[in-house]
Every structure is written in structure tokens, then in C-alpha cells.
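Using the sequences and the accompanying hints, generate a full structural model.
Taking the numbering used here, the leading residue of the sequence shown gets 1, the next gets one more, and so forth.
Derived by calculation from the structure, the hints in this document are not laboratory data.
Note that the structure is a prediction, hence the values are computed from the model and not measured.
Don't take every hint at face value.
Claimed, not checked - 25 Å max Cα-Cα, derived SDA-like pairs, lysine to any residue:
1) K338 to A276
2) K182 to P234
3) K338 to V304
4) K182 to R167
5) K182 to A144
6) K338 to S324
As the list claims (entries may be wrong) - Distance ranges between label pairs, derived from CB positions:
7) R227 to A131: 40 to 50 Å
8) Q98 to G305: 38 to 48 Å
9) A117 to G346: 58 to 68 Å
10) A312 to V21: 45 to 55 Å
Cβ coordinates follow ideal geometry from the N, Cα and C atoms, glycine included.
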Amino acid sequence: MAVIAAIDDILEPTPSSCELVLDDISHRYGAGLAVDHVSLDIGGGELLALLGPSGCGKTTLLRIIAGFVAQTAGRVVIAGEPVDDLPPNRREVGIVFQNYALFPHMTVAENVAYGLAARGMNRTGQRQRVAEMLELVRLGAMAARYPRQLSGGQQQRVALARALAVRPRILLLDEPFAALDKNLRLDMQIEVKSIQRRTGTTAILVTHDQEEALSMADRVAVLNGGRLEQLGSPVEIYDAPRSLFVHSFVGSCNLLPGRVVALAAGAATVALDCGAILQGCVSGAGLSAGDRITACIRPDHLSVGARGEGLAGTVEVGLPLGPSVIHEVRLEDGLTLKIAEQRATGGEPRPSGAAVRVTPRPGSIFVFPEARPS
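Here is the structure:
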């Protein structure tokens, strides 16, 4: 508690924390459309994650915000003012890169002071601000070290301190945890989120890691092929996906082909190709009776038992994953399902070849139009 109190003492609410608006942004690389009419309104102090597979346009959007790329169409507005004609050094944007981009010949303190010196701050002001930022990221004792003398997590904190030292209006995080191992990555996610909260800085996180986006962001923008598929809170994105892509990309899911039997009040009765009749939630419009569909069910929304109602199948393999176990079950028509269950202490996976019945949790099935080849 004493450490947190000390950090709060050196921090002041960031006056430059401000709204960022992306107004109908499009960008082409030659004939290819990398960003397709994306509009986003990010509130002051909000952390928004841009989530999507490689090539979806998220890094291009980040570079457009920073001013490294001039968009083909649309506007970037920071604190109510368009910044499209401003160079990167006048947009008041801080950036933490995936490789941290620290200067190897400079000490930790010199790296953090670099942006302050470039803006003309006097040496006394630089020393004070550097000390504040190193205290914030808990590296005050390492001010005289060089990047090569630091761990990956420490280098990441130096990069964050350097970005925040200039009190940016917008903080851009470009896959900042990709080079860290899993345990350190989680620690740094918590730390960066905490620092961003206390400084009140508006931040954009670019990532392809769904867990990272869902755990850190206030809202998540899911991109696919340059288009915005869905924007919402982490809970909305995970629990109420609006497209087959979002459901299958964010979290694991089982895809079951079938056909619509009947529709009523946002729900569909579907006949799966495996022979089962199920009820599913319909997200959006465009379905009619008789249409081919894909039903999506998450592994943790399925239960498995040795008898009773449900889909009949046979256990192919069971994988214990710490507190849970993943079973792959082959249904009678040959389709396989992944099922996630909590594992009791000492519990073993079900044996291969065991006959089981698979039952979905009520309200857990989402129905989408069948994906067609592009």
C-alpha cells in the first residue's frame, strides 16, 4: 500500500487525456484495401483494444493515428481537432513498440529523458520527470543501467516510462507484450493497465492475443479484412458475438453445420447435420426457414456425461490443462467437439473410447448464416 500511495503522490490527473475519433478511415496499399471505412470514438482515459488476425488492418490504423501513414480517406481527430496535417512529433502521441526500441548506448534515465530533451525541457525538469517516471514503473534503482543489463520485462517498463514521460494525449501500445514469456506477460498486463488507469491516459492496444484484449481493454474493436466486425465491452464481445467470425476468433468454439427449421423472436430451431434438433440465439437478421446455418457452441458451454439426453459420442482424447481438462468427443456422424470441464484435484481425463452424451448449456448456442467460400 505504501508503494501505491507514493506513486499516487507523484502522479497528477493527466490533463491531456482526451477523446480520439477515427472518422471513416480507409487506406489502400496499391490496389489492396487495408482499412475499409473504420469509424471509432474512443473516450478520454479509455483503453481500447484493436483485436484481429495478421493483416486485418490494426497496425495500419495505429500507424495512421501516430502519423506515420497518411490515410487514403477519413479523419483523425484528437481532443476535437483534426491532426491529419500534423507530423508525428506534433500529435502528442506516445508509442510503446513490440521490440521496445530503446537506445542501447543510453542509460535507462537517458532513454526516458530522450523525448523531454527533444521538446526542449531544461535539465532540472528532465531529472525531476525522469525520477517520477522511474518511480512509477519501479525502476528508480536502475537509472544508470543500460538496456542490455535489463530483463525483457524491465526493458518494457523503460519503454512505457519513456512514452508516458512527455505526457502524451494518446498512448499507443503496439503488441507490447509479444516478446515476454506467459507469466511475465500477465504481470506486465496488470502493471500497464494499473499505470494507464492512474495516469488517466487514453490508450490504444494493438494485439492478436484475444486473452490480452479481453483482460485489459474497456472496449474491444474486432477487425477482419480491414473492416470493423464488432465493437463492445469484453463481456459483450465474448458472450454476444454478432458474426461467425467474431465467435470463432474470440475464444474457442465448436462449429456445427445444419439448417433452420423455424424462427421466432430472435431464436432459431435448427436441425444439425448430425441429427440433433437444438435451439439457438440468432444474432442479426437475414435468416429464413430452410437456410443453411452454422451453430456455434463454446467448449466451456458443453457438459459431458455417461448417460442421459444429448448428443451421443465417443471420447477420442483427454488433455489435462491444470485446473481444467479438454476432451475431444467424436459424434456418431464423425464430427468432433471440444469440451472444457473443471478438473477436480487428482481427477483424470475420461478414457479414450468411453461412450458419452454431450449436452449444451441453455442459451449458449449461437446461429449464423453458413459461411460461404470467398
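So, going through the hints one by one against the coordinates:
Annotation: proposed proximity of K338 to A276 holds, straight-line Cα distance about 17 Å (limit 25 Å). With a C-alpha separation of about 21 Å, the suggested pairing of K182 with P234 holds against the 25 Å cut-off. Taking the CA atoms of K338 and V304, the gap is near 11 Å; set against the 25 Å cutoff, the hint holds. Straight-line distance between C-alpha atoms of K182 and R167 comes to about 29 Å, which puts the hinted pair past the 25 Å bound.
For the proposed pair K182 and A144, the alpha carbon gap of about 28 Å is over 25 Å, so the pair is violated. Between K338 and S324 the alpha-carbon distance is near 13 Å, which keeps this suggested pair within the 25 Å criterion. R227 and A131 have their C-beta atoms about 45 Å apart, which keeps the hinted 40 to 50 Å range intact. In this structure, Q98 and G305 meet the distance hint of 38 to 48 Å, their C-beta atoms being roughly 45 Å apart.
The supplied range of 58 to 68 Å is met by A117 and G346, whose beta-carbon atoms lie about 60 Å from each other. In this structure the supplied range 45 to 55 Å holds for A312 paired with V21, their Cβ-Cβ distance being about 53 Å.
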